[in-house]
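Construct the entire structure; sequences and hints are all you get.
Chains H and Z supply the protein sequences, listed in that same order.
Following our numbering, the numbering of the first sequence begins with 390 at its first residue and continues without gaps.
Following our numbering, the numbering of the second sequence begins with 3 at its first residue and continues without gaps.
Only true hints are included.
Below, in silico cross-link-like pairs of lysine-lysine (BS3-like), each with a Cα-Cα straight-line distance of 27 Å or less:
no., chain 1, residue 1, chain 2, residue 2
1, Z, K64, Z, K92
2, Z, K92, Z, K17
3, Z, K92, H, K409
4, Z, K17, Z, K64
5, Z, K86, H, K409
6, H, K401, Z, K64
7, Z, K86, Z, K17
8, Z, K64, H, K409
9, Z, K10, Z, K64
10, H, K409, Z, K17
11, Z, K86, Z, K64
If you are wondering where the hints come from, they were derived from the structure by calculation, not from laboratory data.
Everything numeric in this text was worked out from a predicted model, so none of it was measured.
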Amino acid sequence: MTGPEYIAALKKALRGLDRKTRDDVVLEIEGHIAALSEDNLSLIDRFGTPEALAGQYVEQQSGVDRQTKSLGQRVAGLGKGVLILIGSVTVLLVAGITLIVYSFDGDDFDYANQAAPELSATAEGWESRPWTGPVEINAQQAQIVLYWHGQDSLRWHCDGRQFNVGGRSMEVRHAHCLVFLPHSAASIQAEQSAVTIVRPQADVDIDLDQSRLRLAAGSQAYRFDIESDLSDVADFPNDPSAPLAVTIIARESLVEPYAYE
Amino acid sequence: MIDPAFEKWQSQLRKGFLELCVLVILEERRQSYGLELLHVLEQSGLDVREGTLYPLLNRLHKSGWLESNWETPVDGGHPRRFYKLSAVGKNQLAPMLATYQANTASFERLVQGSLASLSRALEAQETPP
Numbered sequence: 390m391t392g393p394e395y396i397a398a399l400k401k402a403l404r405g406l407d408r409k410t411r412d413d414v415v416l417e418i419e420g421h422i423a424a425l426s427e428d429n430l431s432l433i434d435r436f437g438t439p440e441a442l443a444g445q446y447v448e449q450q451s452g453v454d455r456q457t458k459s460l461g462q463r464v465a466g467l468g469k470g471v472l473i474l475i476g477s478v479t480v481l482l483v484a485g486i487t488l489i490v491y492s493f494d495g496d497d498f499d500y501a502n503q504a505a506p507e508l509s510a511t512a513e514g515w516e517s518r519p520w521t522g523p524v525e526i527n528a529q530q531a532q533i534v535l536y537w538h539g540q541d542s543l544r545w546h547c548d549g550r551q552f553n554v555g556g557r558s559m560e561v562r563h564a565h566c567l568v569f570l571p572h573s574a575a576s577i578q579a580e581q582s583a584v585t586i587v588r589p590q591a592d593v594d595i596d597l598d599q600s601r602l603r604l605a606a607g608s609q610a611y612r613f614d615i616e617s618d619l620s621d622v623a624d625f626p627n628d629p630s631a632p633l634a635v636t637i638i639a640r641e642s643l644v645e646p647y648a649y650e
Numbered sequence: 003m004i005d006p007a008f009e010k011w012q013s014q015l016r017k018g019f020l021e022l023c024v025l026v027i028l029e030e031r032r033q034s035y036g037l038e039l040l041h042v043l044e045q046s047g048l049d050v051r052e053g054t055l056y057p058l059l060n061r062l063h064k065s066g067w068l069e070s071n072w073e074t075p076v077d078g079g080h081p082r083r084f085y086k087l088s089a090v091g092k093n094q095l096a097p098m099l100a101t102y103q104a105n106t107a108s109f110e111r112l113v114q115g116s117l118a119s120l121s122r123a124l125e126a127q128e129t130p131p
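Right under this line is the structure:
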């Protein structure tokens, strides 16, 4: 099992954890693997299987949750109050998602048209950076459109104040970005965001929290692996023999094909 | 084949002991990250695998005994998660060490007592009536 394969399996197995803990665990293990020198020990020898490693973290999280819950119950004598609170939170959550989705609608640009002059190399406001290897995109309350181009570079155009391109990742917050990715695997994490993906040309791993994902697949076939929780996910034609994989984990999110409206 | 009950006992014994070792290292070094901790433990003669160390760090962190922060090496590369003792962790370390040392001393007295009894029994067997 290679490093990226191990990390992909670990991410999947950690889905029971809260987002921050999961991100920290993955980044930490990823860094450790990257720093390892060659020896006879496999990743399984070192870490155990991804599922077993993740199981330890999930078990610890459950222990913390149980403690928190029992304390809360003792203090507040929860019962009906909890149900009312959960109901209220759910209503607010649904209203929030609806508002976010509504606010990102009404765009008259056809994102699937990669020949559009707005996306040409000479257009003002575009930035570029040489890039090889995997890309991580983290979007928070953002709107982001992702394309792939056949170059070893990351190219982007953002409107908004908070976006940052670091060593291995791009952070986008409260901004609207158009991004061209290199031909390497991409990992996308979106929280309360709208993400549009146009014809992926590499494996993509997408993790959604209260977000909307639109995927323009065109005539390209993909191996889809989709897990959802409290989400509305459209049917995507899965081709098990397709060379490219699209993995989606969706929580309280909307996943649908992209069509220019 | 190893007895599963023995494995469980070994694992339980090791768990608390390793936690203490990690806290001691962090007290001494002020802060450290996973790979470095692993090397220090290895140099001390403790064979610890990543699959044991990282969940242990997470457990201590969740307990509030450790604090952590991310730092990117000056020469670039992957960011490292550094751990250090929190105020709670520092307060816990002294009684933990005291408990461990008291237990070790008691155990040594027990073993010495057992050895003395065993030695007397052997002498009695060897002495002709």
